[in-house]
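Protein chains: 2
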Amino acid sequence: MVKKAESIRFDYNNMMSVYVGAKEGLTDKDINAVKAKAAEAHAYFKANRGTGMMGWTELPYNQTEIVKDILFTAKKIRRKCDAFVVLGIGGSALGPMAVFQALCHLRHNELPKSKRKAPKFYVEDNVDPERMASLLDILNLEKTVFNVITKSGSTSETMSQYLIIMDLLKKAYGEDASEHIIATTDEQKGNLIKIAKAENLKTFFVPSGVGGRFSELSPVGLLPAAVLGIDIKELLKGAAFLDRACRKGDIRSNMALAAAATQYIAMNKGKNISVMMPYADSLRLMADWYCQLWAESLGKAVNKKGETVYAGQTPVKALGVTDQHSQVQLYTEGPFDKVVTFIAVDKYRAEIEISDGCEEYPSVSFLCGHTLNELIACEMEATEYALTKNERLNRRITLPEVNAHTVGQLLMFFMLETAYAGAMLHIDTYNQPGVEEGKNVTYALLGRAGYEEKAAELNARPEKNPKYIIS
Amino acid sequence: MVKKAESIRFDYNNMMSVYVGAKEGLTDKDINAVKAKAAEAHAYFKANRGTGMMGWTELPYNQTEIVKDILFTAKKIRRKCDAFVVLGIGGSALGPMAVFQALCHLRHNELPKSKRKAPKFYVEDNVDPERMASLLDILNLEKTVFNVITKSGSTSETMSQYLIIMDLLKKAYGEDASEHIIATTDEQKGNLIKIAKAENLKTFFVPSGVGGRFSELSPVGLLPAAVLGIDIKELLKGAAFLDRACRKGDIRSNMALAAAATQYIAMNKGKNISVMMPYADSLRLMADWYCQLWAESLGKAVNKKGETVYAGQTPVKALGVTDQHSQVQLYTEGPFDKVVTFIAVDKYRAEIEISDGCEEYPSVSFLCGHTLNELIACEMEATEYALTKNERLNRRITLPEVNAHTVGQLLMFFMLETAYAGAMLHIDTYNQPGVEEGKNVTYALLGRAGYEEKAAELNARPEKNPKYIIS
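Protein chains in written order, with our numbering: chain V, 22 to 492; chain A, 22 to 492.
Calculated from the structure, these hints are not laboratory results.
Treat each hint with caution, since some may be false.
Note that the list lumps identical chains together, so a pair holds whenever it fits in one copy or between two copies.
[Unchecked claim] No farther apart than 35 Å at their CA atoms in a straight line, the calculated lysine-lysine pairs in the DSBU-like style are these: (1) K164 x K254; (2) K138 x K326; (3) K50 x K254; (4) K136 x K58; (5) K97 x K134; (6) K488 x K410; (7) K67 x K101; (8) K258 x K338; (9) K410 x K210; (10) K96 x K488; (11) K191 x K368; (12) K290 x K136; (13) K325 x K488; (14) K215 x K290; (15) K475 x K136; (16) K210 x K44; (17) K44 x K191; (18) K290 x K138; (19) K101 x K138; (20) K101 x K56; (21) K410 x K97; (22) K338 x K460.
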């Protein structure tokens, strides 16, 4: 039983006019006006959870057997290898990276082996040739296991990486190459499952109702986490805990619904930017994961009725206190176009005292005797205060501590917020039609059979005007 | 003499209505309408370069002696140490990181020493205690040199780090501690210069007319780069080359002015977001550096006449092709609120062929025989095409190759674009009044003498309403 004290907290006082001023702030009237819509979105969610593309909602509950297999496999990998490399992109990369960053040592790969207790970890989510070359420069292939992750089995970036790596492995180890690759993909559809069977690869499955950006709690995220020694049962428990806390369709008790509803109001007031600003290096990549979730889910040209809406709020990742020296000037004085979300941590997993010294310089020595922990906490509070005083909408999510349970909660919080917001906007939260054009054009440019028509369309483009090119 | 072919190129065809459509696109008429304003901004820049806070414009030309000292010092550091750590934040961190990422091996710190040929490199730009603890876990202090960088000498984050590190060094090495620290700060003002003299530290200076975000070409950036073995003379030559190419106040020939003027028009059309999307992992942190430059320089509440303007465009960093699987859905289908800047590279410093295999699966095997180089280039072109077809403003900067010269050009390009845009907006490009409030509140919260009034103001805040806090 998890104590109430270990729950994450959501505080939206600074979205409200009493705190942020009447010009920008929300009122209880604003909130009451969307109450019914929010309840409706929640009811829709409740009625459809676990079905269609909402299979992700049940991941905290239905994976007992899978978790056993993952833990067994992870143990074997940890024993035999010194590096674990995810080949994946988008949802197959951002979740694994975020959880790694949150729950492993911040300099994991640079720790000596004796202190590391898990393989080095790499997520290769780009096809820049310089990046692949760099990775190969430092890997010892013999001691490396690759986890190729693509639900469709046809992601060009990931399958290119697979072809390159499999070729290297086969040249080096012949039939034993398959010992170095694990495939995570759809159980039925796509090529990767067929290839995996032909090559005799160990496989894990992305359930059919789980899209890339909602897949972190599936084997996509659980296998890498388990290999790294992260307590994946706690991660799932945390997600379940938050999910259960959000079972009511009531803004006053359901934190994810309160978050979605207030963002919805803010969007309607023209706040087209959502800044996610954790005050913890460990949560830096959680902001990246959120950025995909929020952008791809809500950025839609049409709603479910087919009406043109051009919906979406642009997520921006920031890091406290670092970006106080980069972005906060703009957040404080620029256009009133943002909601800033602070992510706070009550208790960091280290405490560092600021040493004595510089006694002659009061503008330095006032720091002495304080801890970095106090400094980062005060700076967050100060930034919150300054934004609020300047009438800038902001809200705060607090983790009592960063651990597998609270990270599970945070993942579920953002997924629920996104699902509710999508339902309030009446859009399809789970598709991504806007990326198809780019894929097809890439196929055409690479001369793939069947894309001749697209190639012709490209050739018919107007020539670029040299007057708009300067060198 | 640099050949014309080695110049970076700026292409804004896809900002224009002929390409991106009449609804969103700019016309020659739009451009003509701001021509005079742009010329005026350029004239202002030209008249004031090298004066006041525009000292940065002369850095490519006036550092011959300083460069000698930097190279001499860097050589000594390279000989004696295995890790070089920058303690700095904002402008003291983002430039050094960007140039490191651009011009060193992408896995520099993980290369074996024999292949690395320069110390490991760390930039500590946060005060998260977990991060400091992680760094100390992996450093061998005896073989480490710290470069503490703060122009004012009173940046709380950096001076806290300094106190902690100096204490550790003194305990370990007594008087020799000073051998492990180099200070980069103002030559006259602030505490760090006094401390450096008292502690007998080697020092470098940030010229008084050079603000943090414009300081990468000063010793702030040059020393770390030189320690890493980067050709800093080429970096400066590249910057000078671009600067000279932008000497005319004419949009047709001055690429930075064309960039600024078209962004200015876009801002006036409501594009409040500027996405910076390099298609190269090596330029990923260049986008972070740009984000500070653009946000802090243009995000201003008042213009030079004291009129309230709430100016600014929110910069967003993205990475191609990675963020095609995270952000491009939103860019293609969401609100028409962005300008997307692609950064392309003609020739990567590695070539990787996609190996043969999977012959039975045409949706995979079409990739075989192509290179990752072709794939990334085609994906960029495809994304550009898809955005343009969906009437989304975009523009492209191309580097013939990523090297010290082109990186110097790119840095200067963005600094000039920012300077021109700030002048067109009639704002003070070089101040950051909006961060003062947060600093003062931090002082008050930490109980610094002299901030009692601010502490009283804080205590008078309305209590948070528990109804807006959910756990």
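For this session: Could you figure out if K488 and K410 sit no more than 35 Å apart (CA to CA) within one copy, between two copies, both or neither?
Result: between (47 Å within a copy, 21 Å between copies)
Exercise. Between K67 and K101, at a C-alpha cutoff of 35 Å, which is it: within one copy, between copies, both, or neither?
Worked result: neither (44 Å within a copy, 64 Å between copies)
Exercise. With identical chains treated as interchangeable, where does the CA-CA distance between K50 and K254 reach 35 Å or less: within a copy, between copies, both, or neither?
Worked result: For K50 and K254, the Cα distance exceeds 35 Å both inside one copy (42 Å) and across copies (62 Å).
Exercise. At most 35 Å between C-alpha atoms: does K338 with K460 qualify within a copy, between copies, both, or neither?
Worked result: For K338 and K460, both the intra-copy (26 Å) and inter-copy (22 Å) Cα distances are at most 35 Å.
Problem set entry | Same-copy or cross-copy closeness of K215 to K290 [CA-CA at most 35 Å] | Neither: 49 Å inside a chain and 51 Å across chains, both beyond 35 Å.
Exercise. Within a copy, between copies, both or neither: where do K97 and K134 come within 35 Å Cα-Cα?
Worked result: both (17 Å within a copy, 31 Å between copies)
For this session: Could you figure out if K290 and K138 sit no more than 35 Å apart (CA to CA) within one copy, between two copies, both or neither?
Result: So K290 and K138 fail the 35 Å test inside a copy (50 Å) and across (54 Å) alike.
Problem set entry | Same-copy or cross-copy closeness of K44 to K191 [CA-CA at most 35 Å] | neither (65 Å within a copy, 54 Å between copies)
Exercise. Can you tell me if K475 and K136 fall within 35 Å by alpha carbon in one copy, between copies, both or neither?
Worked result: neither (54 Å within a copy, 46 Å between copies)
Exercise. How would you classify K191 and K368 at a CA-CA limit of 35 Å: within, between, both, or neither?
Worked result: between (48 Å within a copy, 29 Å between copies)
For this session: Go through the copies and call it for K410 and K97: within, between, both or neither, with a Cα cutoff of 35 Å.
Result: neither (55 Å within a copy, 49 Å between copies)
For this session: First find the shortest C-alpha distance between K136 and K58 inside one copy, then the shortest across copies, and answer within, between, both or neither for a cut-off of 35 Å.
Result: The answer is neither: 52 Å in one copy and 61 Å across copies each exceed 35 Å.
Comparing the model with each earlier hint shows violations of hints 2, 3, 4, 7, 10, 12, 14, 15, 16, 17, 18, 20, 21; every other hint is respected.
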